[in-house]
Amino acid sequence: MLSVNSVEASYEDSQALFGMSFDVGTSEFVTLLGRNGMGKTTTIRSIMGILPVSSGKIFFEEKEITNLSSFRIAQAGIGLVPEGRQIFPNLTVRENLIATAVRPSGLKRAWTIDRIIELFPALRERLNNMGGQLSGGEQQMLAIGRALMTNPRLLILDEATEGLAPKVRSEIWSCLKTLRQEAQAILVIDKNLETLLEIADRHYIVEKGSVVWSGTSTQLRENKQLQKKYLGV
Amino acid sequence: MRLKKNVQEIGVSCLFILFAIIPILAPAIGEAFYVDVFARIMIWSIAAVGLNLVLGYGGMISFGHAAYIGLGGYTIAIFSFHEINNGFIQWPVALLISGLAALLFGALSLRTRGVYFIMITLAFAQMVYFLGVSADKYGSNDGLNIWNRSEFKIYGLDFSIDDNLTFYYLTFTILILIVFLVRRLVNSRFGMAIQGTRSNESRLEMLGVPTYVYKLTAFVISGVICGLAGILQANFERFVSPDMMDWPRSGELMFMVIMGGMGTLMGPVLGATAFLVLSEVLSSLTVHWHLIFGPLLIILVLYARGGLGGIIDRGQKDG
Numbered sequence: 001m002l003s004v005n006s007v008e009a010s011y012e013d014s015q016a017l018f019g020m021s022f023d024v025g026t027s028e029f030v031t032l033l034g035r036n037g038m039g040k041t042t043t044i045r046s047i048m049g050i051l052p053v054s055s056g057k058i059f060f061e062e063k064e065i066t067n068l069s070s071f072r073i074a075q076a077g078i079g080l081v082p083e084g085r086q087i088f089p090n091l092t093v094r095e096n097l098i099a100t101a102v103r104p105s106g107l108k109r110a111w112t113i114d115r116i117i118e119l120f121p122a123l124r125e126r127l128n129n130m131g132g133q134l135s136g137g138e139q140q141m142l143a144i145g146r147a148l149m150t151n152p153r154l155l156i157l158d159e160a161t162e163g164l165a166p167k168v169r170s171e172i173w174s175c176l177k178t179l180r181q182e183a184q185a186i187l188v189i190d191k192n193l194e195t196l197l198e199i200a201d202r203h204y205i206v207e208k209g210s211v212v213w214s215g216t217s218t219q220l221r222e223n224k225q226l227q228k229k230y231l232g233v
Numbered sequence: 001m002r003l004k005k006n007v008q009e010i011g012v013s014c015l016f017i018l019f020a021i022i023p024i025l026a027p028a029i030g031e032a033f034y035v036d037v038f039a040r041i042m043i044w045s046i047a048a049v050g051l052n053l054v055l056g057y058g059g060m061i062s063f064g065h066a067a068y069i070g071l072g073g074y075t076i077a078i079f080s081f082h083e084i085n086n087g088f089i090q091w092p093v094a095l096l097i098s099g100l101a102a103l104l105f106g107a108l109s110l111r112t113r114g115v116y117f118i119m120i121t122l123a124f125a126q127m128v129y130f131l132g133v134s135a136d137k138y139g140s141n142d143g144l145n146i147w148n149r150s151e152f153k154i155y156g157l158d159f160s161i162d163d164n165l166t167f168y169y170l171t172f173t174i175l176i177l178i179v180f181l182v183r184r185l186v187n188s189r190f191g192m193a194i195q196g197t198r199s200n201e202s203r204l205e206m207l208g209v210p211t212y213v214y215k216l217t218a219f220v221i222s223g224v225i226c227g228l229a230g231i232l233q234a235n236f237e238r239f240v241s242p243d244m245m246d247w248p249r250s251g252e253l254m255f256m257v258i259m260g261g262m263g264t265l266m267g268p269v270l271g272a273t274a275f276l277v278l279s280e281v282l283s284s285l286t287v288h289w290h291l292i293f294g295p296l297l298i299i300l301v302l303y304a305r306g307g308l309g310g311i312i313d314r315g316q317k318d319g
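Which chain is which? The protein sequence lines are A and B, in order. By my numbering, the letter at position 169 of the first sequence is numbered 169, and the numbering carries on one by one without gaps. By my numbering, the letter at position 31 of the second sequence is numbered 31, and the numbering carries on one by one without gaps.
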């Protein structure tokens, strides 16, 4: 579904990605793991066309999307829940969900506000509140809901549960489990290794702008040395 | 929230009722000239509602919207100069010219941001202003008289707007239609996306919204609405001059929107009403009325966050 091939990208003179390569299959739940500053968010920025790719190629559903405009990449079927959530504070929760909603023709079970509420019941009472009035957890739910309303075939979450209370975190993970059961392809960046080992199919460990290890949850769980070396666990 | 909305709707209804009864009320109290004042208020309200679409909802600080008012007005005047008074020709062409100018200026301006956007919109407007100044054939600085208002004759029927009362109610109807149109627009998915660009444009892009196209569309609609205000102004005053496109007019229009409350449906109408009534009243008191008017505007901008609409909202919360 998503294939990132030998991607290199820089912030002005400072190179951040050095031949980043990985892929996400249809209906797969994949994670990018690694310590801070290793290039995970930079990789997402390159996929989404925010940071120009200087070399290498990115394909989504066999179509090249390298350096396309962000909106074209999103229209191709990638939904992003960004780090810091970035909801629209001057719109209500309902408007946040509607503003960017897309319903591709021929889709059997499209995302609707009702389905989002079903997934995050906490948003039901907040539909007419302004985005800026929500708690951090509610904002994250809204950010996920907003991305789902574009009916993406691949959902990317950058720092899915960062800065959230444990109870809210578990709600977010529960939501991701539900999405996984519905065969939604997901790429996640997060530091909560225990939960990710439980939910995800495959993992990539990113170190200094490239993938240094990849494998299944079972392989990573068993490799304590690897966890200690690259993830500081 | 519901209460706030109700109060706003009541306020809006009261204002529109006032507009509707002014032609009866003003002569009854022996101040017939208020009919003209309110016709002018409604024309500026239409322009302010148009500007609010980009300035208030979209966060695009356009300092050149007087150009579209001028283009709409001048198109009518030039047609009239060549003795083409058919409104069915004049009005669509005037709207088309305003729209095309907004498309061209917007397409270039929207590639810039912040202070550069302000400056480039101002530059385009001044370009149009100097075009008017240099048009010797059409009166240059002295302007151009319009001897006949637009004529709407079809199949033997004559919908004349020569009568001031008819013209007043035509303007009133157009204002209601424009407010209704903008309301529909801002509550649509397109309108929500435009409001989203104000807070986080790149986020919208990442969610699949081609923000440039959306903003340009809003800019053109806004330009056309201002063009319509220009058409009405030219017909009302029976006169156009480059002054109507000069940068102070763009500034005044911005003030009306800011004063009334940016990003609110009726804020621009409130702002235009307050601005023009205040200037009318103060100018009748003293010739140095600008010395009072200026500080009043500054106080309002500094202390009435959200404009007059904001004061109403806060009053509701306090209540």
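None of these hints come from the bench; they were simulated from the model. None of the values given here were measured: they were computed from a predicted structure. Misleading hints may appear alongside valid ones.
Unchecked claim - Far from chain A, by Cβ distances over 12 Å, these chain B residues were calculated:
{"id": "1", "residue": "120"}
{"id": "2", "residue": "206"}
{"id": "3", "residue": "248"}
Claimed, not checked - Heads up, incomplete: computed chain B residues facing chain A, CB under 10 Å, no partners named:
{"id": "4", "residue": "40"}
{"id": "5", "residue": "85"}
{"id": "6", "residue": "86"}
{"id": "7", "residue": "141"}
{"id": "8", "residue": "145"}
{"id": "9", "residue": "191"}
{"id": "10", "residue": "194"}
{"id": "11", "residue": "198"}
{"id": "12", "residue": "203"}
{"id": "13", "residue": "204"}
{"id": "14", "residue": "208"}
Heads up, the beta-carbon is just placed ideally off N, CA and C, and yes, glycines get one too.
Hint check:
1. 120: Nearest chain A Cβ is 22 Å from residue 120/B, so the label holds.
2. 206: 5 Å, violated
3. 248: At roughly 30 Å from the nearest Cβ of chain A, residue 248/B sits farther out than 12 Å, so the non-interface label holds.
4. 40: Because about 32 Å separates residue 40/B from the closest Cβ in chain A, which is outside the 10 Å limit, the hint is violated.
5. 85: Not OK, violated: residue 85/B not within 10 Å of chain A, min 45 Å.
6. 86: Violated: closest Cβ of chain A sits about 42 Å from residue 86/B, beyond 10 Å.
7. 141: 43 Å, violated
8. 145: 46 Å, violated
9. 191: 9 Å, holds
10. 194: Interface hint status for residue 194/B: holds (9 Å vs cutoff 10 Å).
11. 198: 6 Å, holds
12. 203: 5 Å, holds
13. 204: With a minimum Cβ separation of about 6 Å from chain A (threshold 10 Å), the hint on residue 204/B holds.
14. 208: At 3 Å from the nearest chain A Cβ, residue 208/B passes the 10 Å test, so the hint holds.
Consistency with the previously given hints fails for numbers 2, 4, 5, 6, 7, 8, ordered from lowest to highest.
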